[in-house]
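Chemist: Listed below are the residues making up each chain.
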Amino acid sequence: MSTFTPLTVALKNNLSVNTGLDWTGLSQQTQATISADEFVAASSSYPLFFTKNSHNGSFSAIALLGLLQDNIFFDGQPSHHIAYIPKSLSMLPFALGSDPENTAKLVTCINLQSELINAEEGSRLLNSDMSSTERLVKINEDFSEIFQNHVNTEHFISALIEQKLLMELELNVASSDGGHQIAQGLYTINEQQLNSLPDKQKLMFLERGYYPPIMAMLASLSQVNRMIKLYETTKHSTISSVNMKAV
Amino acid sequence: MSESIENIVIVGGGAAGWLTAALLAKQFQLKTSAMKVTLIESSDIPSVGVGEGTWPTMRNTLRKIGIDENTFLRECNASFKQGNQFVGWYDGNNDDKYYHPFSAPQAHGKFDLSPYWLKQSTESFASSVCFQPQLCDRNLAPKRITDKQYQGQANYGYHLDAGKFSELLKTHSINNLGVTHIVDTLEDINLDQHGGIETLELKERGLIQGDFFVDCTGFASLLLGKALEVPFVEKKHCLMADTALAVQIPYEDDDEPIASHTKSVAQSAGWIWDIGLINRRGIGYVYASEFTTSAQAKQTLADYVGVNVTDIKAREIKFTAGHRKKFWQKNCIAIGLSAGFLEPLEAAALMLVEISADYLAQQLPVNKSLLPIVAKRFNQDMTTRWDKIIDFLKLHYVLSKRDEPFWQAMRTNASTPEHLTEQLALWQYQPPHEYDFTSAVETFPAASYLYVLYGMNFETDLRERNYLCSNEQMADKLFKMNKQVEAQLTQRLPENRALLKQLKTNGFQAI
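Here the protein sequences line up with chains A and B, keeping their order. Heads up, the first sequence is in the working numbering, so the first residue is 3 and it goes up one at a time. Heads up, the second sequence is in the working numbering, so the first residue is 2 and it goes up one at a time.
No wet-lab data here; the hints were simulated from the structure. Do not take every clue at face value.
Calculated pairs, SDA-like style, for lysine to any residue (alpha carbon to alpha carbon, straight line, at most 20 Å) [to be verified]: (1) A:K204 x A:Q165; (2) A:K166 x B:Q510; (3) B:K149 x A:A248; (4) B:K149 x A:S160; (5) B:K478 x B:H109; (6) A:K204 x A:L220; (7) B:K37 x B:I209; (8) B:K27 x B:G179; (9) B:K264 x B:N156; (10) B:K237 x B:K319; (11) B:K171 x B:T72; (12) B:K505 x B:Y252; (13) B:K484 x B:T123; (14) B:K149 x A:Q165; (15) B:K149 x A:L168; (16) B:K502 x A:T105; (17) B:K149 x A:A161; (18) B:K149 x A:L188; (19) A:K14 x A:C111; (20) A:K166 x A:I191; (21) A:K166 x B:D148; (22) B:K27 x B:L365; (23) A:K107 x B:N507; (24) A:K107 x B:L504; (25) B:K505 x A:T105; (26) B:K32 x B:I183; (27) B:K149 x A:E172; (28) B:K149 x A:A185; (29) B:K149 x A:I184.
Bear in mind that the values here come from a model prediction, so they are computed numbers and not experimental data.
This is chain B alone, in the form it adopts within the complex (with noise of 0.2 Å):
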């Protein structure tokens, strides 16, 4: 007879192994079944925590596990993120820089813009086809206070802090989800006659028991890396940057606009990213140690800040881009950096979290027989979805026509994936298209190639599809509905510093 799974285990307690933990405990009901989540955690094991912006999904899970928007809100010193602003990637001239909105181009998946823009643009694509870059430029919130919890007016996800996010998550797990949280030190790990996961020793309480276990212990991977061996995928020679120095800044003052959007700026061995929250600013380098020193990463990180060297005190981090060989391997799952990581941009690390716990919620089987179906089809999905991210992080790089040597050595043919390669040569004569994506489980859609594509000014040649520009009327029609659209929400939109103040007092309503 097969052994039921009820007894989950996870290890690791940072944002990635509280979100599962509350996603879990949220569909296994856990105070009325029979089913267990216990999250072990050290106290003498920082979380990395640099991940400070979520994609829109977030609302979603947050909605899902039961949190309020204005407690998170509140609590994790957040603010609205509506997408992320490129700044120098192009050729680093003054006027470079493009927006990668959340919201999708005017009437995507019924009617195509891009081929009318492509014909006669006069703005940039992202203004052109959608009004969230405006809503970005002047520093606006995606909604008013009268607008329901998790609903915008634009498409939006958040900026937060990460550290204040998983005490957050930590408290209603175990006060309102009922999960089980002991503090312990992970000493070893025993396996079972079939190469899984039997128990674990910790320091103090000795053997832990469980049915299924979930490694969340970060870039050490202790169950699925070190314990059950999975090897680990090196990306290195296609996403190179391997160091982030990270900073907080405070704001000049209480009235500093925050930039509801995440600005990445190109620096001659890497980008800065630069958050805003309601409280301070969360600005890092992220580089690749092969073409710059420690200590010029550290000027250019001062430059930016304008500030000199020495007042820098910035936490470095080291990392190698790459992911598991597989995620999900016997009765272990590994979910946020101990499954992979390739570097920041765009923010896929606690988007590929949600995913993974979502999934594992949704699909973790009733008895230990069936785990390698699931395994299997896992480590399938979540296989497409990495070489889908890194695919679309490459295009970043590979349109630039920066000159240092590190861009140069980021667009070489030979570190490109073919698959991206493939797609590059049919859009110099096509849009890109949804028949361009056509896997279950993509990541990026056509829409956000799109934005990256032509706001990095790439040459699409229509002049053997002029077919594809047969309705000029309907798209005069939503170029026109876009601008109607953008001054209506400029005018009725609040600042997002002013909104994110008035929450101290007010709230979004529930309903």
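So that you can see chain A by itself, here it is in the shape it has in the complex (with noise of 0.2 Å):
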């Protein structure tokens, strides 16, 4: 269960957060919201892909962290199934999310169901003068720069979409037992699209810094395989075959 709430002077001088990853705030998640600056990193182990924003339409990446609206990967436990923990997962059980007064305007968030959260014996967020402990001011600071990041992948995104390389997906999972389940509103990179593209193009992708996450997107599509396996060993539940095609 996770209830992000902003967080308030009220709730920064009350709350003890423990240090460490939210290894239960983990498993709950189904998809991580990564930056172009991890593509490289995340591909090693999750498969990526663009999605939707629900609330604005507009598109951001994502790691996906399991094929049946689950998660198979974190279990509440530290993980030996993983090489990188995208970098909004391991601020939990922080996050950004937009100021209720003003949607427009991202604030630090909490999950106040968080295990970590311990108003005894974790570190304290501000010091007895109010001011922001040094635990405080690294998160403000991660965030900024995960925002940045963020930021960045937005310019990547539009650059792509521009180039109409973005192209929908659809994974048919299907399960040994019969029953199957499609997932929608994925979308990758269109190779054949890719290797069309005008020379001009191509070179402007390079100066920016683009063929790298392009290319660790694409590979990380195989990633998938992997999880197939997963849900044997982990959930002995078993998926005889995920299909993948473009819409």
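Make the complex out of the two chains shown on their own, each in a separate frame, by following the hints.
Modeler: Here it is in structure tokens:
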């Protein structure tokens, strides 16, 4: 259960939050928002896609954590199935969210249900003089960096859209008991279209450093095979096949 | 040797003119071809610009000419339209209302639910077979912000500000599609030795030559009607409305719901349209002057709006229902009001512009010697279309039980087209079927007839045709499926106003 709420001064003053990764929080996510600078590292563990944000319809990049609207990589314990944790997940129980007073503004939020919250023993967010502790300063700095990376990712995605490089995929996940689920709304990069880009565009993509994340995203699709195996070994549920097709 | 057609001149710059210009320019790839499209418009002739409803076909038209849906919605103050609601058309009682939604009945074309509905109906036909009436009742949008441009979860067209629409098309046609724009006043039209148009005489520029001319001069029909003397075929005996009083009404507050359907509310001598844009409502009374006075009509409109008659500043538009005998003569085609106009019911005007302009874009021959062949076909097709539209508009009136003189006059046998009378005779014993609509240029499909017929309580006696209900299991499944889709969509879709408001800052993606 996650209840993210803006981190108000009152909350900052009252809450103590243990350090370390919020493994339970991680296990409650079905996907993680990532930025383009993370694609190469994240592609070693997760399949990466673009999806549309349900609030504003714009594209963002995600690491898919499960094939059945679940999470196959994290079960609440330290995970051995991944080599990289997306920055947005590593920040849990903190997250960036819309300010209810002004939805255009982003503020630091906290999951009040997180097991890391501990009013007694965890590390404090404010000093006795109400100034931010080193921990809170670091959290805000990290979010500032994440935000900037997301802005860069938005430019990256805009360039891909402009060149008509995004294509929608449908994942048809069949289980051995005959059932199947269809995951829609996932987008990847159209390799054929990428190859036929004019030289001028290719050069522009090279100069801007777009090729590494593009290649990482394309290569990351092979992680779906690893996920199928993980379902068998960790959840004892068998996925017989995953069929990916362009919509 | 035949003369090639490379220079097309459009006269008139309303929505009809600019939509035609854009479709031609897109088809002929003006920037890289020898073709030239010029639009001449006068700065001192205002466009009629009342037509504020479109069909779903407009989505494809806009996509084809390369306009971004977000830009279109923002710049034309447009909103989504999911169909028409008819209020008071049957008998004028309080519960007298029905929908003609844009989405077809469940499994339409594969399995006909209408006999099963006729056998045991518990709710209106439209709501039984289609989820869209519920979306309209709740003022919901047909799509979500995550849906692609021009793609909806329910079928939709638009309500738009026709003046702003013309401006958007103009800017796009000139800046992006290579249309040449001339602002000048047409003074004379010179014919060639074969009776076609040779040149136009403009007040400032003098003579303008062209190989082919498009008449978008509105009711005046200056090229096809006046210069080429193609007669006007009156249909007033059938569709008697001849005047429209149009007003623009602001919303009471910024949160007032925006209806996602056109309301058509029957009155004593006609009907009132009520269309919600993002910034205002467009309301108008279309009536037959034979059955009411201008003052009474104004009072009726004021009563509907809920204001004193002295506060109403309505624009009056006079028209005569009918169309030109031919729509394409020699080297000239009429598109828009210059081709004809019946009445605003079911918003067919812009749709006819789309169809005519697209036909021209696809079929304009390469040289003048082939013009008669294409013209003949176009005239045959369009005559059929106009007849079919007249049939369908008339259908709304002949099924009414209202007792005012206008409504009685509108349902006499003498005023009803023979083809419609025949269809109605058949439909007393069988529901409308695809076989009733076999023309390649059908304008209103069987689904539209089903919605209107059974919305207006038309009785089809199926006692001798029980075999039409031989698969009740499938029918039950489809009726239930409709309810499921309805429940899902009413949960999932945002309110029309909320989505339109969101489009100010966000937008639909192209993919």
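Chemist: Taking the hints in turn, state whether each one holds.
Modeler: So, going through the hints one by one against the coordinates:
For the hint linking K204 of chain A to Q165 of chain A, the alpha-carbon distance of about 11 Å falls within 20 Å, and the restraint holds. The suggested pairing of K166 of chain A with Q510 of chain B holds, with an alpha-carbon distance near 11 Å, which does not exceed 20 Å. A threshold of 20 Å between alpha carbons decides the hint, and for K149 of chain B with A248 of chain A the separation of about 15 Å falls inside it, so the pair holds. Distance hint between K149 of chain B and S160 of chain A is fulfilled; the C-alpha atoms sit about 15 Å from each other, no more than 20 Å.
Our distance criterion of 20 Å between C-alpha atoms is met by K478 of chain B and H109 of chain B, whose separation comes to about 14 Å. Restraint check for K204 of chain A and L220 of chain A: the C-alpha separation of about 17 Å stays at or below 20 Å, so the hint holds. Taken as a hint, the K37 of chain B and I209 of chain B pair is honoured in the structure, with Cα atoms around 13 Å apart against an allowance of 20 Å. The suggested pairing of K27 of chain B with G179 of chain B holds, with an alpha-carbon distance near 9 Å, which does not exceed 20 Å.
Between K264 of chain B and N156 of chain B, the direct Cα distance comes to roughly 17 Å. Compliance with the 20 Å bound is thereby established for this hinted pair. Straight-line distance between C-alpha atoms of K237 of chain B and K319 of chain B comes to about 13 Å, which keeps the hinted pair within the 20 Å bound. Restraint check for K171 of chain B and T72 of chain B: the C-alpha separation of about 14 Å stays at or below 20 Å, so the hint holds. Proximity of K505 of chain B to Y252 of chain B is assessed by CA-CA distance (about 18 Å); at most 20 Å being required, the pair is judged to hold.
Taken as a hint, the K484 of chain B and T123 of chain B pair is honoured in the structure, with Cα atoms around 13 Å apart against an allowance of 20 Å. Straight-line distance between C-alpha atoms of K149 of chain B and Q165 of chain A comes to about 17 Å, which keeps the hinted pair within the 20 Å bound. This hinted pair checks out: K149 of chain B and L168 of chain A have alpha carbons roughly 13 Å apart, not beyond 20 Å. Under the criterion of a C-alpha separation no larger than 20 Å, the hint pairing K502 of chain B with T105 of chain A is consistent with the structure, at around 14 Å.
Of the supplied pair hints, the one linking K149 of chain B and A161 of chain A holds, its CA atoms being roughly 18 Å apart against a limit of 20 Å. Taking the CA atoms of K149 of chain B and L188 of chain A, the gap is near 13 Å; set against the 20 Å cutoff, the hint holds. Between K14 of chain A and C111 of chain A the CA atoms are separated by roughly 10 Å; this keeps the pair inside 20 Å, and the hint holds. A hinted pair counts as satisfied when its Cα atoms are at most 20 Å apart, and K166 of chain A with I191 of chain A qualifies at roughly 9 Å.
Pair hint K166 of chain A plus D148 of chain B holds up; C-alpha atoms about 17 Å apart against a cutoff of 20 Å. Proximity of K27 of chain B to L365 of chain B is assessed by CA-CA distance (about 14 Å); at most 20 Å being required, the pair is judged to hold. Proposed proximity of K107 of chain A and N507 of chain B is supported: the alpha carbons are some 15 Å apart, at most 20 Å. For the given pair, K107 of chain A sits about 18 Å from L504 of chain B by alpha-carbon distance, which is consistent with the 20 Å threshold.
A C-alpha spacing of about 14 Å is found between K505 of chain B and T105 of chain A, which places the hinted pair at or below 20 Å, so the restraint holds. Proposed proximity of K32 of chain B and I183 of chain B is supported: the alpha carbons are some 18 Å apart, at most 20 Å. Taken as a hint, the K149 of chain B and E172 of chain A pair is honoured in the structure, with Cα atoms around 15 Å apart against an allowance of 20 Å. Only pairs whose Cα atoms come within 20 Å are accepted, and K149 of chain B paired with A185 of chain A is accepted, the gap being roughly 17 Å.
With a C-alpha separation of about 19 Å, the suggested pairing of K149 of chain B with I184 of chain A holds against the 20 Å cut-off.
Hint check: no violations occur; every hint is consistent with the structure.
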